[in-house]
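Visitor: Each protein sequence line maps, in turn, to chains A and B.
The numbers in our numbering rise by one with no breaks, and the one at position 172 of the first sequence is 158.
Throughout, our numbering is defined as the position within the second sequence, counted from one, plus 301.
Since the hints were made in silico from the structure, they are not lab data.
Any given hint could turn out to be false.
Each computed DSS-like pair below joins lysine-lysine, with the alpha-carbon atoms no more than 25 Å apart [as the list claims (entries may be wrong)]: (1) B/Lys352 <-> A/Lys74; (2) B/Lys459 <-> B/Lys352; (3) B/Lys352 <-> A/Lys150; (4) A/Lys179 <-> A/Lys65; (5) A/Lys42 <-> B/Lys552; (6) B/Lys411 <-> B/Lys459; (7) A/Lys65 <-> A/Lys272; (8) B/Lys621 <-> B/Lys552; (9) B/Lys352 <-> B/Lys411.
Among the chain A residues that face chain B by a calculated CB cut under 10 Å, a handful are [stated by the list, open to error]: (10) Val48; (11) Gly97; (12) Gly104; (13) Lys179; (14) Leu197; (15) Leu254; (16) Glu298; (17) Gly307.
No experiment lies behind these values; they were computed from the predicted model shown.
Each residue gets a CB set at the ideal place from its N, CA and C atoms; glycine is no exception.
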Amino acid sequence: MNVNRQEALEYMRKMVLIRRFEERAEEAYGQGRIGGFLHLYIGEEAIAVGAMAAMKPDDDVVTHYRDHGYILARGVDPKVVMAELYGKTTGVSKGKGGSMHLAAVDRHIWGGYAIVAGHIPLAVGLALANQYRNLPRVVTCFFGDGATNNGTFYSALNMAAVWKLPLVAIVENNLYGMGTAVERASAVSDIFKKAASFEIPAVQTDGNDLLGVRDTVRTMVEMARAGEGPQLIEARTYRFRGHSMGDPQRYRGKDEVEAAKERDPIVLWRRSLLESRLATEDDFRKIAEEVEAEVETAVRFAESSPDPDPSELCANVLVPG
Amino acid sequence: MPLITYRDAIRDALREEMIRDDRVLILGEEVGVWGGTYAVTRNLHEEFGGKRVIDTPIAEAAIIGAAIGAAMGGLRPVAELMTINFSLEAMDQIVNNAAKIHYMFGGQIKVPLVIRTPAGWGQLGATHSQSFEAWFAHLPGLIVAMPGTPRDAKGLLKTAIRSENPVMFIEHARLYGLKGEVPEGEYTLPLGVSDIKRGGRDVTIVTYSRMLHVALGAAEELAKEGIECEVVDLRTLRPLDMGPAYESVKKTHRALVVEEDWTTCGMGAEIAARIGRDRFDHLDAPVERLGQVEVPVPYAKNLEALMFPDERMVADRVRKMLS
């Protein structure tokens, strides 16, 4: 495997962190401490962790609303992410964004956006700015299979292809757009084939295979950086939880979900690390303990943080001056 | 002061700001090689090249979304929507991205963007003759300018380009050929400041964009009868500076709003509500509104001519208010 022990454990730590973060968020939602919509990333962790490992820290990231995984994978402190979910003033977006609108511009995370496909043109624009300014930064834009049925996906990628922008579109195909199976909503179930209409390079990869994701993203990001224009990756995965909280999941059977868990990205990674003797059960235990403490700290931080001051209501509508 | 057209004034503003700041770029349909459908950007492609004057596909959501992204990424894009009617295709980008991003992420991201687009009509039929300024003026997080003169257009556009905020800059296709005095050399005008274009004691006419000229024409006619109208040009619709209109109403005790848009839920409704609330004691009559007929705009020339307020209609309404 093309990975050293330190990297291997770091990837594991990040996937477990996202998993436990999401489970604690789910718990807090059940207790009424988190409101609104909550879209969990459980089952898809290898994509965010693999992709971030492939990118440079100043490569730009624009994401959809199932966005907790990316910001955590980029290394933003889980405290300020959890605080955002709690709507606290210490949150990354000062409590004004919530679960679907996480951003950390200092880490080049340009935000989670909640209108399906509506953020893809923003990624095109960021890539245009990078090209215009001769910055060697690539923009990655994450969205789901459902977004590829929306016209904005086509108009944005067409524009990126015409202008040969340094953009990598990463489609997380988790097989359902909300509750509608991909084949019931998309004329093409292999989403990467849609890239053929722009004649841009596109590949399909196993989104639960961490190293596969990392290496695919690395290849495509470096092609984009080298001036070869936009690229598209379809990472096939599966979401273990409902679309959002309170999803009765009438559209799929329990057996299907259980079968998918056989290919849990964390389980797969653990297995390959044991097989390749890069890590031991002790390492995993240590990671689990550390992550537990980190997430506990995040939850406590969120709970003990103050609500936004009422004066925040009218702040940041416009830039003053 | 030299007399130049509204179109040339806007082009001068673009050109001067592009020279001043190399982060300023123009993108839109036919803005480059063609020179702009209304010739506003003519010759800029030749002068600044395809990197800074970018022809786009006909894809308004992508144009505006990309312009927002470019603004987030450190540029100062001026995106052109060929007409305001096409803004509907970009509505999600304007409403959910341009107007929200600064707030929604707690102030982390700025969107210094200008969207230039003309309203207007001229036998263009129902879908190409609209005036959506009230839709945009409804939105917190957006600045909406709608200048009526070459001088205002140039000064406000320069300020809009330098602004850290997203600005909808609504021009008017029927004003592009209008000539007016424009100061020589560098000047800017502040956004969010209304302007009295004609002084008068009898009736306050609050208006903006092309209707400014209709109102001024009516005021000229009425002056012959001894009726003096004060004409307030809003220039910016959000933030809305009601100061000059409020001052005026203290003197005239009567106000008429003239807009080219449908009046239902239009700018006039907002202005009437504000004057009614804040200057109630000064009013001798309800605030009146005059706008276009509440139907889609027809093609036939004679029918279209019945659509919009003209000088005679404004003058008649003022006389009625005073009778």
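Visitor: State for each hint whether it applies.
Guide: Against the structure, the hints come out as follows:
At roughly 43 Å between alpha-carbon atoms, B/Lys352 and A/Lys74 are farther apart than 25 Å, so this suggested pair is violated. For the suggested pair B/Lys459 and B/Lys352, the alpha carbons sit about 21 Å apart, so the restraint of at most 25 Å is met. Taking the CA atoms of B/Lys352 and A/Lys150, the gap is about 13 Å. The hint holds against a cut of 25 Å. A threshold of 25 Å between alpha carbons decides the hint, and for A/Lys179 with A/Lys65 the separation of about 39 Å lies outside it, so the pair is violated.
With a CA separation close to 65 Å, the supplied pair A/Lys42 and B/Lys552 exceeds the 25 Å bound. With a CA separation close to 18 Å, the supplied pair B/Lys411 and B/Lys459 stays within the 25 Å bound. About 20 Å separates the Cα atoms of A/Lys65 and A/Lys272, which keeps this hinted pair within 25 Å; it holds. At roughly 19 Å between alpha-carbon atoms, B/Lys621 and B/Lys552 fall within 25 Å of each other, so this suggested pair holds.
A C-alpha spacing of about 23 Å is found between B/Lys352 and B/Lys411, which places the hinted pair at or below 25 Å, so the restraint holds. Given the 10 Å rule on beta carbons, the hint for A/Val48 holds: about 8 Å separates it from the nearest Cβ of chain B. Look at A/Gly97: its Cβ gets to within about 6 Å of chain B, closer than 10 Å, so that hint holds up. A distance limit of 10 Å between C-beta atoms decides the matter here; for A/Gly104 the minimum to chain B is near 5 Å, and the interface restraint holds.
Taking 10 Å as the C-beta contact cut-off toward chain B, the hint placing A/Lys179 at the interface is violated, the least distance being around 21 Å. Checking A/Leu197 against chain B: minimum C-beta separation of about 31 Å lies over 10 Å; hint violated. Taking 10 Å as the C-beta contact cut-off toward chain B, the hint placing A/Leu254 at the interface is violated, the least distance being around 34 Å. A hinted interface residue such as A/Glu298 counts as satisfied when its beta carbon comes closer than 10 Å to some beta carbon of chain B; here the least separation is about 8 Å, so the hint holds.
Because the beta carbon of A/Gly307 sits about 7 Å from the nearest beta carbon in chain B, less than 10 Å, this interface hint is met.
In summary, the structure is inconsistent with hints 1, 4, 5, 13, 14 and 15 from the numbered list given earlier, while agreeing with the others.
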